[in-house]
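Starting from the known structure of chain A, fit chain B onto it as the hints suggest.
2 protein chains.
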Amino acid sequence: MKISIVGLGVIGGSFAEALKTAGYEDVYGIDNDQATLDTAVEMGIIKAGYIDGKDILPETDLTIMALYPKTAVRFTQANHDYFKTGAILMDTTGIKEKFIADMAEVVPDNIEVVYTHPMAGRENRGIAYAQGSVFQGANFLLIPTDMNNEDSLVFIEDLANELGFGKINRVSAAFHDQMISFTSQLPHAIAISLMNSDHEKRETGKFTGDSYPELTRIAKINEDLWSELFIDNKKYLLQSIKDFENQLDLVKKAIRDEDSDTLKTLFIKSTTNRLKLEEQMDKRKIKRK
Amino acid sequence: MKISIVGLGVIGGSFAEALKTAGYEDVYGIDNDQATLDTAVEMGIIKAGYIDGKDILPETDLTIMALYPKTAVRFTQANHDYFKTGAILMDTTGIKEKFIADMAEVVPDNIEVVYTHPMAGRENRGIAYAQGSVFQGANFLLIPTDMNNEDSLVFIEDLANELGFGKINRVSAAFHDQMISFTSQLPHAIAISLMNSDHEKRETGKFTGDSYPELTRIAKINEDLWSELFIDNKKYLLQSIKDFENQLDLVKKAIRDEDSDTLKTLFIKSTTNRLKLEEQMDKRKIKRK
Chain A
1 MKISIVGLGV IGGSFAEALK TAGYEDVYGI DNDQATLDTA VEMGIIKAGY IDGKDILPET
61 DLTIMALYPK TAVRFTQANH DYFKTGAILM DTTGIKEKFI ADMAEVVPDN IEVVYTHPMA
121 GRENRGIAYA QGSVFQGANF LLIPTDMNNE DSLVFIEDLA NELGFGKINR VSAAFHDQMI
181 SFTSQLPHAI AISLMNSDHE KRETGKFTGD SYPELTRIAK INEDLWSELF IDNKKYLLQS
241 IKDFENQLDL VKKAIRDEDS DTLKTLFIKS TTNRLKLEEQ MDKRKIKRK
Chain B
1 MKISIVGLGV IGGSFAEALK TAGYEDVYGI DNDQATLDTA VEMGIIKAGY IDGKDILPET
61 DLTIMALYPK TAVRFTQANH DYFKTGAILM DTTGIKEKFI ADMAEVVPDN IEVVYTHPMA
121 GRENRGIAYA QGSVFQGANF LLIPTDMNNE DSLVFIEDLA NELGFGKINR VSAAFHDQMI
181 SFTSQLPHAI AISLMNSDHE KRETGKFTGD SYPELTRIAK INEDLWSELF IDNKKYLLQS
241 IKDFENQLDL VKKAIRDEDS DTLKTLFIKS TTNRLKLEEQ MDKRKIKRK
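Chains as they are written, first to last, in the working numbering: chain A, 1 to 289; chain B, 1 to 289.
Chain A with its partners taken away, still in its complex shape (with noise of 0.2 Å):
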C-alpha cells in the first residue's frame, strides 16, 4: 500500500514519523515546499518528495490531508483528475460541517473520503516540530458521511490504532463541530483574550506561578489555520463562547455581591467536573498502556 501525506506540517510530519515507526515504508510526501521535502527525506519519514500531487497521486492507495481546511478543499479540487481510482482520502481538518460541504463540490466520484480529526495539535507549526509520539493515547474522531463505506471506515480506524491514538470514535458532523468549538476553540479564543489583556510594559513573568504561563500556552497560535477554523465553526464557537461568558458572569456577580457562599458552590462545582475529565482521562491512559 503507497501512502502520500499532503502537507508535512506539525500534523503531516507527525502522521509520517509515526507510520514509519509502525513500520510502513512505502510513505510519500507532497508538500509546496521543496525544503520541507528535503528535510523530510533526510530524516528518512517519507521515501520521496513532490511539489505536485500529480506525480504521484496516481499511484497512491491512501493520500492523508494534513492541510487547513480552505486548502485541503484547493488541493483536493486541483487534483481531481490524478487520483487513483478506489483510493482513500482521509482528511485531518479539525471543523467538519462546513468542510464537508465544500468537499462534496469537489472530490472526484473515483475515490473516498474518509473524515477525520486526529487530536493531537501543537502551537507550534512545521515539520521541525513533528513528532509521530504526539498521537500516543490522544484522541481520535471519525466522522461518517453517506458516501462511506463500512470497510474504508474500519480501515482508517485500524490505522488510527496502529498508529497509538487512544479512544477513537465515531460521531455526527455536527456533534463534533459543536464538542470541538467547546474544547478546542473556545479555550483558544480564552487564551488569546487573557493574553491580549495584559497592559503593555508590565514585567509580568516576575508576577506568575504556573496558572497564568499555563493558561496562555495557546495563545501562540497560528494565525491563518485557526482564523479559517473560527470563523468555519462560527455557530457553534459563538454559543460556546456565550456559555461560558453566563458562567463568568455568575463569578463576577458573587465577587461583586462578595457572596461567598455562591462562589464556593461554583468553585465546588468546578472541582468535581474537574475530577469527573481527570478520570476519563486516566481511562484514557490506562487503555493505552
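None of these hints come from the bench; they were simulated from the model.
These numbers were taken from a predicted model, which means no experiment stands behind them.
There could be a bad hint or two in this list.
As the list claims (entries may be wrong) - Result set (BS3-like, lysine-lysine): computed pairs, CA atoms no more than 25 Å apart in a straight line:
(1) Lys167(B) x Lys20(B)
(2) Lys98(B) x Lys253(A)
(3) Lys252(A) x Lys70(B)
Frame of chain A; chain B shown alone:
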C-alpha cells in the same frame, strides 16, 4: 535560629521541606490537626509539632505563616501575647492591601511582620502534596511596609534565595494585588467558568486534545481559600475580568463579522505577547542554573 511554620498544608509543608533541604534543623510546626503534625514529624521535616502556638512561639525567631488570610489574622490575634520580642513573622498569603490593613489591627508591637508572596501554589491541598522543590526558580514577591527595617527585608530575601526561589522582587501592596488579580485570580476565574460551561452528561474527555485539560487544571480549586482571595481582591479582580472581557468581545465581534483580518491581528498580538512572556520565563530558568 528557631523557625516555626504555622499551617502545614501544601505551602507550609513545602517550606518545611525546603528548609530541611537547605540545612535548617531547628524547625517546628504549628497546626490545628494533630495527624498533620505527626506526619510532618515522621517525614522528618519538623522537629516537633504543636496545636497551640503559645507552646513554641515564645522561643521562635522566625514564624512562617502559611494560612488563609482570615485565619492568619485570627492566628496573629490569638497569639498576640506569645510572640518572642524581636521575632519576625513572615506572611505568605496571596493578597496584600486588605490583608495588611487587617493585620495592622492585631499585630503586637514587639515583632515585625514581613509580607511576602511565594508564587508556588498548587491545585491540591494538604501536606501530602508538599514539595520543597516547587520553590525552585519560582517568583517570590516581597511587599515592604512602613513598619519594616531594611535588615529584616534583606534577611527574608536571603532566605528566599537560599530556598531556591528565582526572581525575588519588592513591590507595593497595590501593584501586587493588581498583578495577582491578572496572573492568578483571573486565570482561576476563567478555568472555573470554562469547566462549568460544559453541558451535563457529555463525555467531554473523548473530544479533547491538550487545550481543554490544560486550561481547566486549576478549576480544581480550594473553595475556602479562593473565595476569600477573590472577595478580598474584589476591586482589582473585577477590573482584570473586565479587561479580559473586552478582549474576548473583540474576538467575538470578528467571528460574528467573519472578519479574518482582525482575527489574524489579534492572534499575532497574542503570539507576540506570549513569546515575550516565554523569553521572561526562560531568563528565569537560566538564572536558576
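Hint check results:
1. Lys167(B) x Lys20(B): holds (21 Å)
2. Lys98(B) x Lys253(A): holds (20 Å)
3. Lys252(A) x Lys70(B): Holds, at roughly 21 Å.
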